[in-house]
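In order, the protein sequences belong to chains A and B.
So the first sequence is numbered by this note's numbering: it starts at 1 and just counts up by one.
So the second sequence is numbered by this note's numbering: it starts at 1 and just counts up by one.
In short, the hints are calculated from the structure, not lab data.
Backbone N, C-alpha and C define an ideal beta-carbon position, used for all residues, glycine too.
Hints are supplied without guarantee of correctness; some may be wrong.
What the hints assert, rightly or not - One-sided and incomplete, this derived list gives chain A residues near chain B with beta-carbon spacing under 10 angstroms:
no.	residue
1	Thr33
2	Glu35
3	Glu110
4	Ala117
5	Arg118
6	Ala123
7	Met126
8	Arg127
9	Phe130
10	Asp155
11	Glu158
12	Ser189
13	Ala194
Said to hold, decoys possible - Chain B is nowhere near these chain A residues, computed Cβ spacing over 12 angstroms in every case:
no.	residue
14	Arg15
15	Thr16
16	Trp28
17	Asp42
18	Ile77
19	Gly83
20	Val139
21	Glu146
22	Ala152
Said to hold, decoys possible - Which bits of chain B does chain A cover? Going by a derived footprint, with three or more residues having C-beta under 8 angstroms, they are:
no.	segment
23	113-119
24	184-191
2 protein chains.
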Amino acid sequence: MTAPRPHGSTRPGGRTARTRAAVLKAAWDELGTREFSDITIDRIARRSGVHAATIRRRWRTIEGVITDMLGQHSGTIPIPDTGSLREDLHTVTRSIAEFYALPRNRRLVEAVVTSAAREPGAAEVMRAVFKNRIKQVSVLLERAVERGEVPADTDAEEVIAAIGAPFYYRLLITRRPIDTELARISAESAYLAAVEGVFRTDASPD
Amino acid sequence: MTAPRPHGSTRPGGRTARTRAAVLKAAWDELGTREFSDITIDRIARRSGVHAATIRRRWRTIEGVITDMLGQHSGTIPIPDTGSLREDLHTVTRSIAEFYALPRNRRLVEAVVTSAAREPGAAEVMRAVFKNRIKQVSVLLERAVERGEVPADTDAEEVIAAIGAPFYYRLLITRRPIDTELARISAESAYLAAVEGVFRTDASPD
Numbered sequence: 001m002t003a004p005r006p007h008g009s010t011r012p013g014g015r016t017a018r019t020r021a022a023v024l025k026a027a028w029d030e031l032g033t034r035e036f037s038d039i040t041i042d043r044i045a046r047r048s049g050v051h052a053a054t055i056r057r058r059w060r061t062i063e064g065v066i067t068d069m070l071g072q073h074s075g076t077i078p079i080p081d082t083g084s085l086r087e088d089l090h091t092v093t094r095s096i097a098e099f100y101a102l103p104r105n106r107r108l109v110e111a112v113v114t115s116a117a118r119e120p121g122a123a124e125v126m127r128a129v130f131k132n133r134i135k136q137v138s139v140l141l142e143r144a145v146e147r148g149e150v151p152a153d154t155d156a157e158e159v160i161a162a163i164g165a166p167f168y169y170r171l172l173i174t175r176r177p178i179d180t181e182l183a184r185i186s187a188e189s190a191y192l193a194a195v196e197g198v199f200r201t202d203a204s205p206d
Numbered sequence: 001m002t003a004p005r006p007h008g009s010t011r012p013g014g015r016t017a018r019t020r021a022a023v024l025k026a027a028w029d030e031l032g033t034r035e036f037s038d039i040t041i042d043r044i045a046r047r048s049g050v051h052a053a054t055i056r057r058r059w060r061t062i063e064g065v066i067t068d069m070l071g072q073h074s075g076t077i078p079i080p081d082t083g084s085l086r087e088d089l090h091t092v093t094r095s096i097a098e099f100y101a102l103p104r105n106r107r108l109v110e111a112v113v114t115s116a117a118r119e120p121g122a123a124e125v126m127r128a129v130f131k132n133r134i135k136q137v138s139v140l141l142e143r144a145v146e147r148g149e150v151p152a153d154t155d156a157e158e159v160i161a162a163i164g165a166p167f168y169y170r171l172l173i174t175r176r177p178i179d180t181e182l183a184r185i186s187a188e189s190a191y192l193a194a195v196e197g198v199f200r201t202d203a204s205p206d
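Given the sequences, and given the hints that come with them, work out the whole structure.
So, in structure tokens, the structure goes:
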């Protein structure tokens with residue numbers, strides 16, 4: 001989704017590119033086997049076969065590596081088209097719940113948010129990736145407007161942010177497991193609010 | 001709200017306690033003047049007059065200092081009692097929006113979430129603090145149940161999590177400013193869902 005950042009990769013397919021691929025793959029594999037808090041540059045060096053000094057020189061920190069990796073692993077999301085906004089939203093939240101049921105994916109988002117707090121460059125990458133995702137999924141609302149299910153001036157991106165928010169709250173703040181119940185609550189709450197016009201751009205405050 | 005953790009403070013009011021107070025105050029002041037990503041142990045040392053080596057020995061990392069500070073600055077929240085769940089929820093979300101309009105408070109939550117990702121001890125403290133807050137505020141729902149506004153088996157803590165979630169999503173994920181519009185959307189969405197029974201503990205999945 002985001003073009004890989006050219007971390008000194010002057011020769012595609014050359015040694016620089018191979019080094020980068022090895023480091024990012026090692027970081028990805030590390031996330032699959034241990035908590036983010038236990039991942040260090042030294043572990044990535046051992047797993048990738050790239051010298052720790054080389055990794056530090058090119059990415060500086062673990063957060064730098066994670067940010068570079070985010071560009072590679074932020075694939076597109078399947079966009080449902082069931083003919084009903086309610087069902088579409090439930091389908092999306094079920095997909096999110098399935099995604100974050102995997103510990104590696106939980107750790108990835110945790111690593112990314114942490115990186116964004118520590119590295120301004122990471123914050124930019126994360127913002128761009130999520131903005132793009134939200135925009136992709138917000139097509140659901142355009143279709144719902146066409147079907148007359150929600151008001152025409154519904155703020156589509158706020159609806160999509162609303163269905164995502166409960167997952168990140170649970171992952172990052174209360175730090176409990178994601179379950180299908182959360183997916184149901186999230187989709188249904190956003191649906192009811194959208195239908196009632198809560199997300200209208202000219203909704204006046206109470 | 002949380003008792004200060006005894007970071008080696010064997011003599012209350014003694015040198016150890018004074019050192020801790022100076023370091024935590026310096027960390028708090030730093031959050032008021034610069035981004036979390038720019039706060040270092042060395043800066044806290046300069047500001048507090050405590051040796052960096054002493055800070056590293058006692059707290060190990062910036063995250064350790066932030067975690068210790070969280071216990072001090074997680075004050076109680078005013079709990080509204082307007083006689084209407086809808087108005088109560090709007091009052092709470094307006095308070096949250098005001099709180100996070102201050103850059104220092106945004107940085108505090110960012111620092112805390114980051115610390116929780118890097119330090120298991122910090123994750124425990126954060127979980128306890130938020131669990132306690134959610135529980136405090138969920139009394140609003142008990143009153144709403146008594147008034148017959150929402151079903152008796154409404155999961156109060158999930159309602160309170162739902163009104164908080166959009167704020168943390170915007171702070172940590174999309175990283176945009178908090179505004180009163182977000183407070184309105186958050187309160188109104190949770191209210192409609194609560195009234196419709198979305199948060200019932202025995203609500204069956206669609």
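Structure-based check of all given hints:
Nearest Cβ of chain B to the Cβ of threonine 33 of chain A: about 17 angstroms, over the 10 angstroms cut. The hint is violated. Annotation: interface hint on glutamate 35 of chain A holds; nearest CB of chain B at approximately 8 angstroms, less than 10 angstroms. Residue-level restraint check for glutamate 110 of chain A holds (minimum Cβ-Cβ distance to chain B is 5 angstroms; threshold 10 angstroms). The criterion of a C-beta within 10 angstroms of any C-beta in chain B is met by alanine 117 of chain A, whose closest approach is roughly 4 angstroms, and the hint holds.
Because the beta carbon of arginine 118 of chain A sits about 5 angstroms from the nearest beta carbon in chain B, less than 10 angstroms, this interface hint is met. The criterion of a C-beta within 10 angstroms of any C-beta in chain B is met by alanine 123 of chain A, whose closest approach is roughly 6 angstroms, and the hint holds. A distance limit of 10 angstroms between C-beta atoms decides the matter here; for methionine 126 of chain A the minimum to chain B is near 7 angstroms, and the interface restraint holds. With a cut of 10 angstroms, the hint placing arginine 127 of chain A at the interface with chain B holds, because the nearest CB-to-CB distance is about 5 angstroms.
Taking 10 angstroms as the C-beta contact cut-off toward chain B, the hint placing phenylalanine 130 of chain A at the interface holds, the least distance being around 6 angstroms. Interface hint status for aspartate 155 of chain A: upheld, as the beta-carbon distance to the closest one in chain B is roughly 9 angstroms, under 10 angstroms. Hint status for glutamate 158 of chain A: holds, given a least beta-carbon distance of 6 angstroms to chain B, under 10 angstroms. Among the interface hints, the one on serine 189 of chain A holds; its C-beta lies about 4 angstroms from the nearest C-beta in chain B, closer than the 10 angstroms criterion.
Restraint check, alanine 194 of chain A versus chain B: the minimum CB separation of about 9 angstroms is within 10 angstroms; hint holds. At roughly 31 angstroms from the closest C-beta of chain B, the C-beta of arginine 15 of chain A stays outside 12 angstroms, upholding its exclusion from the interface. Residue-level check passed: threonine 16 of chain A sits 27 angstroms from the nearest beta carbon of chain B, beyond 12 angstroms. Taking the minimum C-beta to C-beta distance to chain B, about 17 angstroms, the non-interface status of tryptophan 28 of chain A holds against the 12 angstroms cut.
With a minimum CB-CB distance of about 16 angstroms to chain B, aspartate 42 of chain A clears the 12 angstroms threshold, and the non-interface call stands. At the 12 angstroms boundary, the C-beta of isoleucine 77 of chain A stays outside the reach of chain B, the nearest C-beta of that chain being 15 angstroms off. For glycine 83 of chain A, the non-interface assignment is confirmed: its Cβ lies about 15 angstroms from the closest Cβ of chain B, beyond the 12 angstroms cut-off. The claim that valine 139 of chain A is not at the interface with chain B holds, since no C-beta of that chain comes within 12 angstroms of its own (minimum 18 angstroms).
Interface exclusion of glutamate 146 of chain A from chain B stands, the closest Cβ pair being 23 angstroms apart, more than 12 angstroms. Every CB of chain B is more than 12 angstroms from the CB of alanine 152 of chain A (nearest about 18 angstroms), matching its label as outside the interface. By the rule of at least three residues with a Cβ nearer than 8 angstroms to a Cβ of chain A, the coverage given for the segment 113-119 of chain B holds, with 6 such residues. Taking a C-beta to C-beta cut-off of 8 angstroms, the segment 184-191 of chain B contributes 5 residues in contact with chain A, enough for the three needed, and the coverage statement holds.
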